[in-house]
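Going line by line, the protein sequences match chains R and B.
Numbering follows our numbering, in which position 227 of the first sequence is assigned residue number 227; successive positions increment by one, without gaps.
With positions in the second sequence counted from 1, the corresponding number in our numbering is that position plus 1000.
Check each hint, because a few of them may be wrong.
As the list claims (entries may be wrong) - If you anchor each label on the Cβ, the simulated ranges turn out as follows: (1) 1199/B to 125/R: 32 to 40 Å; (2) 1119/B to 148/R: 51 to 59 Å; (3) 1392/B to 44/R: 29 to 37 Å; (4) 1433/B to 152/R: 24 to 32 Å; (5) 143/R to 1202/B: 43 to 51 Å.
It is worth saying that the hints were derived from the structure and are not from the lab.
Note that the structure is predicted; figures quoted are calculated from it, not measured.
In this text, a Cβ means the ideal position worked out from N, Cα and C, and glycines have one as well.
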Amino acid sequence: MLTRVLQGLAAILLIAAVNFVLVRAAPGDPVSVLAGEAGASDAQFVAQLRTQFELDRPITTQLANYLGRVARFDLGYSYRQQQPVLKLIVERLPATLLLTGSAFALSLLFGVTLGALSARRAGTWVDSGITVVALVFYATPLYWLALMAVLIFTVQLDWLPGFGFSTVGAGLRGWALAADIARHLVLPALTLALFYMAVYARMTRAAMLEVAQMDFVKTARAKGVRPGRILRAHVLRNALLPVITLAGIQAGGMIGGAVLTETVFAWPGIGRLMFDALLQRDYSLLLGTFLVTAAMAVLFNLLTDLVYTVVDPRIELAS
Amino acid sequence: MKRRNLIQWGASATGLTLAGVPLHLLAAGKKGGVINAVVQPEPPGLMLGITQNGPTQMIAGNIYEGLLRYDENITPMPSLATSWTSNKEGTVYTFKLKPGVLWHDGKPFTADDVVFSADVFLRKTHARLRANLAAVESIKALDPLTVEFRLKYPFGPFIGIFEVGSMPMLPKHIYDGTDFLTNPANATPIGTGPFKLKEWVKGSYIQLVANDKYHVKDVPLVDSIYFHVIPDAASRAAAFESGKVDLVPGGAVEYFDVQRLAKLPGAALTTKGWEFFAPHAWLWINNRKAPMNQVKFRQAVMHAVDREAICKVAWQGFAKPATGPFNSHIKFHNSADVAKYPRNIDAAKKLLAEAGYKGETLRMLPLPYGETWARTAEIVRQNLLQAGIKIEMTATDVAGWNQKLNEWDYDLAFTYVYQYGDPALGVARNYTSANIAKGSPFNNVEGYSNPKIDELFDAGAKEADPDKRKAIYLQTQKILLDEVPVAWLFEINFPTLYRAKLSNIVSSGIGLNDSLSGASVA
């Protein structure tokens, strides 16, 4: 276990160093973007910004400084946003976790349920129906789905808000605020959930049908175990491993994986912060978000492995 | 008529108009209410002395003020200065300041603030003003309400450099003796304007509230303005359609959506409020390299491009063909007495043959500002192909575009530039030899150099007499249109979309970049 944690930390530092180099390989820098936006610039302006952003030092010095700071949990300062990177990320974290967490739970719940239903009724119209729906959502681009959701439920029907985190200027508190946020959450969370739901449904169905052919299931059936119990205890439990693997990947990408959804629904999360930072070459902020994303991926990798051992006691955590 | 007589405005003028809007209209506006606007992209900061990009100006124009404002003909109007005079030679300008003006923190605004803002703060941080103030020898406070600018030589456009984005007034008592760029007060901007910053939820919205101590009675009319951050263009269109926002600035939704949204019930549209900026679009032509170093090659490009189609198809009518280096909204523009380049593929082919163009493939750099610019580039590429010029598009994002222009790493490249009302302020920088320097996408990026043009722009800037300037700039336009350093494409008429229940949202030549002090909600 300790080895795994140490390996994880080493991986994160390595990712930080590689990211640093990759980000610098992109053309342009934050100074050229800022100067470009100002509509006018001269040598003095550019030099002043370069000094302020510490871009006038050798790149190796910058990399060493950066890694040193990361080791001390200091993510640096975003000169563009004029705030510490950690503060910017922490501010956006709740919104992103709320969105991706809800989407995660929804997609897992509905995906596995629909998949199990589909497997149980394999070959019937229920199975075909679920398969068709799942494939449609799987194949539809997220961006298009999100825009259609806004056009239908916000612009045409006016049922649900399509933009932002809560009603701006409403001055709500307590439960009223929670309800307001929940209403704003519905469209983005559902949009984001549909894609993964389709994947979970397909995967659960396939795995369950495979497991159902195995000898121990036949044995259980021969022993006279009730069909419902066979399905839950024997088939589903053994079919869940690939689903857990995929869930682990989805969970690891929860922080940065919602760029499109956050953009369309103007959801103030990390994905957008990362995307803006990329376009503006806001190096320290971009690296900060990459680092947090990488840390989440490593963490969920570890958690996934732990969950395996719980679901299937035959698996042991390598030390 | 002598210019110096013209600019001897008195306090009597202030009685007639306020913020450029006749007083009876202001009085008719209802007090109270909220305006929901779109801002795109989210500004990096609201301290106008440090950040001057579009979104910052749109919001901070409500917080800060300049000494003067300008109407749609770029005629100066009083703001923090109530009157101004100059000596006969045009080398000494004296401004009388409005008494009783307070900063948002309650401290009085005085001549010391003006001297500090212009001479100390902005000379350090504001690249454009630094260039505009090159002619200024000294700035002095004669008394708490009088400021004197002494010039080294007459500077023709001098009275045009006092708008809020060009020279915002900043509080000396907060910034004096500090490091301006890192002063924590930058997060809580203090101005004299009609609105104050209330709250900025990063990634969501910026809220301004009415300044109840504003120096004009009963102004502003609305209680609060929200600027919503909505990062996707299609979502911004949907936000206007669904009624979440009432005000969408030019360029924030794609032009094919603008026409549709403007036809919705209760929606309205204006293209006013960009006269001072006069956005002018062209194709940079890298004059340093063959075949672009040939005048005939560049003339061929001018003939090949179908400006009418670009304006009609890509810009849905929100652009108009450019006739030359000067935007028609700026002073001394002349389209009658200069060479013209109507679309003529045969003429283009003939010029290309004479220029000795051998069919080399040229790299064209589009402006990565969304769908409209992508379509513009497609049309131009098609036009040039018809004339026989081979084009390869370079894909890039905004940072890469800046970088390539900064480094002169292009053959043909799209851009648009503000011209700020006067050729000496917004045109000269793109054609004079002194402005050939790497590191800026707004100077003489094409590398054109002509001593006669340098001389003319210099003479035009240092001349105070408008009639003489007119003659100088006519000659300038003639030469530029003969030599075609870049291929001028179109003037942008940015459409502002709003709900008809709003009135007076545009009250001057800088439009939404000015304050919404006179705007009201029915």
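Now the hints, each set against the structure:
no.: 1; hint: 1199/B to 125/R: 32 to 40 Å; in the structure: violated, 54 Å
no.: 2; hint: 1119/B to 148/R: 51 to 59 Å; in the structure: holds, 56 Å
no.: 3; hint: 1392/B to 44/R: 29 to 37 Å; in the structure: holds, 36 Å
no.: 4; hint: 1433/B to 152/R: 24 to 32 Å; in the structure: violated, 58 Å
no.: 5; hint: 143/R to 1202/B: 43 to 51 Å; in the structure: violated, 24 Å
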